[in-house]
Amino acid sequence: MADLPQKVSNLSINNKENGGDGGKSSYVPPHLRSRGKPSFERSTPKQEDKVTGGDFFRRAGRQTGNNGGFFGFSKERNGGTSANYNRGGSSNYKSSGNRWVNGKHIPGPKNAKLEAELFGVHEDPDYHSSGIKFDNYDDIPVDASGKDVPEPILDFSSPPLDELLMENIKLASFTKPTPVQKYSIPIVTKGRDLMACAQTGSGKTGGFLFPLFTELFRSGPSPVPEKAQSFYSRKGYPYALVLAPTRELATQIFEEARKFTYRSWVRPCVVYGGAPIGNQMREVDRGCDLLVATPGRLNDLLERGKVSLANIKYLVLDEADRMLDMGFEPQIRHIVEECDMPSVENRQTLMFSATFPVDIQHLARDFLDNYIFLSVGRVGSTSENITQRILYVDDMDKKSALLDLLSAEHKGLTLIFVETKRMADQLTDFLIMQNFKATAIHGDRTQAERERALSAFKANVADILVATAVAARGLDIPNVTHVINYDLPSDIDDYVHRIGRTGRAGNTGVATSFFNSNNQNIVKGLMEILNEANQEVPTFLSDLSRQNSRGGRTRGGGGFFNSRNNGSRDYRKHGGSGSFGSTRPRNTGTSNWGSIGGGFRNDNEKNGYGNSNASWW
DNA sequence: AAAAAAT
Numbered sequence: 001m002a003d004l005p006q007k008v009s010n011l012s013i014n015n016k017e018n019g020g021d022g023g024k025s026s027y028v029p030p031h032l033r034s035r036g037k038p039s040f041e042r043s044t045p046k047q048e049d050k051v052t053g054g055d056f057f058r059r060a061g062r063q064t065g066n067n068g069g070f071f072g073f074s075k076e077r078n079g080g081t082s083a084n085y086n087r088g089g090s091s092n093y094k095s096s097g098n099r100w101v102n103g104k105h106i107p108g109p110k111n112a113k114l115e116a117e118l119f120g121v122h123e124d125p126d127y128h129s130s131g132i133k134f135d136n137y138d139d140i141p142v143d144a145s146g147k148d149v150p151e152p153i154l155d156f157s158s159p160p161l162d163e164l165l166m167e168n169i170k171l172a173s174f175t176k177p178t179p180v181q182k183y184s185i186p187i188v189t190k191g192r193d194l195m196a197c198a199q200t201g202s203g204k205t206g207g208f209l210f211p212l213f214t215e216l217f218r219s220g221p222s223p224v225p226e227k228a229q230s231f232y233s234r235k236g237y238p239y240a241l242v243l244a245p246t247r248e249l250a251t252q253i254f255e256e257a258r259k260f261t262y263r264s265w266v267r268p269c270v271v272y273g274g275a276p277i278g279n280q281m282r283e284v285d286r287g288c289d290l291l292v293a294t295p296g297r298l299n300d301l302l303e304r305g306k307v308s309l310a311n312i313k314y315l316v317l318d319e320a321d322r323m324l325d326m327g328f329e330p331q332i333r334h335i336v337e338e339c340d341m342p343s344v345e346n347r348q349t350l351m352f353s354a355t356f357p358v359d360i361q362h363l364a365r366d367f368l369d370n371y372i373f374l375s376v377g378r379v380g381s382t383s384e385n386i387t388q389r390i391l392y393v394d395d396m397d398k399k400s401a402l403l404d405l406l407s408a409e410h411k412g413l414t415l416i417f418v419e420t421k422r423m424a425d426q427l428t429d430f431l432i433m434q435n436f437k438a439t440a441i442h443g444d445r446t447q448a449e450r451e452r453a454l455s456a457f458k459a460n461v462a463d464i465l466v467a468t469a470v471a472a473r474g475l476d477i478p479n480v481t482h483v484i485n486y487d488l489p490s491d492i493d494d495y496v497h498r499i500g501r502t503g504r505a506g507n508t509g510v511a512t513s514f515f516n517s518n519n520q521n522i523v524k525g526l527m528e529i530l531n532e533a534n535q536e537v538p539t540f541l542s543d544l545s546r547q548n549s550r551g552g553r554t555r556g557g558g559g560f561f562n563s564r565n566n567g568s569r570d571y572r573k574h575g576g577s578g579s580f581g582s583t584r585p586r587n588t589g590t591s592n593w594g595s596i597g598g599g600f601r602n603d604n605e606k607n608g609y610g611n612s613n614a615s616w617w
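Residue numbers for the first sequence follow our numbering, beginning at 1 and rising by one.
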């Protein structure tokens, strides 16, 4: 290969470019690097490096996409050089690199202890790690639209997933794909961008991890701009980045990734705030092929130069609507648009969101290219194995009502939602005083406390968990028998997420909510949910709802489900705002537009769906 | 209005 001289000249050009400041020291402390436009980095040549004089390097990949630009020079791709791939300080890190030898994936040996840790031991053959009993999920309606939508798969082997991955999937007791996975796996495999309206519990994590790992297991590591590695400070070059709104959710995705990368060359990492950054940096050093992160901590690591996004093939935004609700948009845009992330065309982007409001549509327009829109029916609310009860309880009576409720039917795990962090603590103390085994999870507790609370709850050490919104969505806690909305949320979607924490795995669950005059705003949505799930509607609620509609506005648009649809359907096929085509001309073609629906219930009409909405679940 | 998230 004649790229060595090339290298040198590039280096010297770069050096000149950067040398405008003459002899004065241009050291930039790590945390200040990449502020401002010229993002140069100092990099100390490795000892064995024959190239001298090239101290400065442009951050790889910004304009040049996935190959790291002129620093994407590849060492010979042969014999025993596996450790040169994507490992900072090549000689120091070998363990997972050893699983990619001479262009082949060599799975590591089995490890009984690790296997038990990752997959656990389950006597129940129907046990499934995310609490889904698949047979009960077959009727979740899914609708896919966009250009050239791939046909959904029927099982994991139809276009086969990677062999090792299949073994791990079996270890995790997955038997067949969930409805989301049936659609998302071929979509991701085909390299398409995806916007999916789906909730946790639908199996969406596997929906993107499976095809992603299949591809990574097969293609192996790719070379990194080795010169960009400083000898002292190594850098992670993940191939896939998953952004999640909360630390718990990030951890959960990471744990799933650990299962499915067992014995493979791919090493997952997780970073989030509230935990010592040093440990996380060391983990990144040890190899970081898939990175799960909350936005704040990732930005921190990017600014410290510990992570480069130049090699990203896959970008996943999980719970995108929540991330925007939490004000993460600037940070997400910084990560995606202002660092060294490959451009839209040079990466594959998958967005998941429970709803599809206009700000998410804009994000989709900016981050996705010719995407497929997938909408997946709600898992929780449609399920009739959750008994929903609404009790009228004034605020001052809530404590005693709760005690009544608990003494009447507290068995298994009870999850209690409150609105404020203060109330979470106060109620937990109260319950402990009453000799209940209660613990709390909310944003003012330290990360360690949150983790302890969650694992105590999961392990039944504390069978009551009092939680704020931090636990409402996404958290996967199997076997919750009773969800109590001590305070009702103001957002009906939050309500659905909350009650969806129970009644999983085909078990029956109970959701009890304390309602009073402070909850007027949720009446309409609540009525719809209760009706949809064939639940009893208390008379005080139907009375209120009748009063509301008499006095107020009539419902616009006519559809029974409109207030909950949140525009979460593919606005592109409904004419939309027009902004779609105008900013991205390449997407304006309409020729191959199609829509594939699968698993639809047959009782659309009965459920109040007009024909106009028939393609939406 | 509250919660969450980088320190």
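Don't take each hint at face value.
Simulated crosslink set (DSBU-like; lysine-lysine; CA at most 35 Å straight-line) [unchecked claim]:
hint : residue 1 : residue 2
1    : 421       : 458
2    : 437       : 110
3    : 104       : 176
4    : 170       : 147
5    : 524       : 399
6    : 147       : 110
7    : 313       : 176
If you're looking for bench data, these hints aren't it; they were derived computationally from the structure.
Structure-based check of all given hints:
1. 421 / 458: Distance ~21 Å between residue 421 and residue 458 Cα, so the pair holds.
2. 437 / 110: 39 Å, violated
3. 104 / 176: Satisfied, since the Cα-Cα distance of roughly 28 Å is no more than 35 Å.
4. 170 / 147: 33 Å, holds
5. 524 / 399: Judged against 35 Å, a Cα distance of about 26 Å means the pair holds.
6. 147 / 110: Violated, at roughly 42 Å.
7. 313 / 176: Distance ~27 Å between residue 313 and residue 176 Cα, so the pair holds.
Checked against the numbered hints listed earlier, the structure breaks hints 2, 6; every other hint is satisfied.
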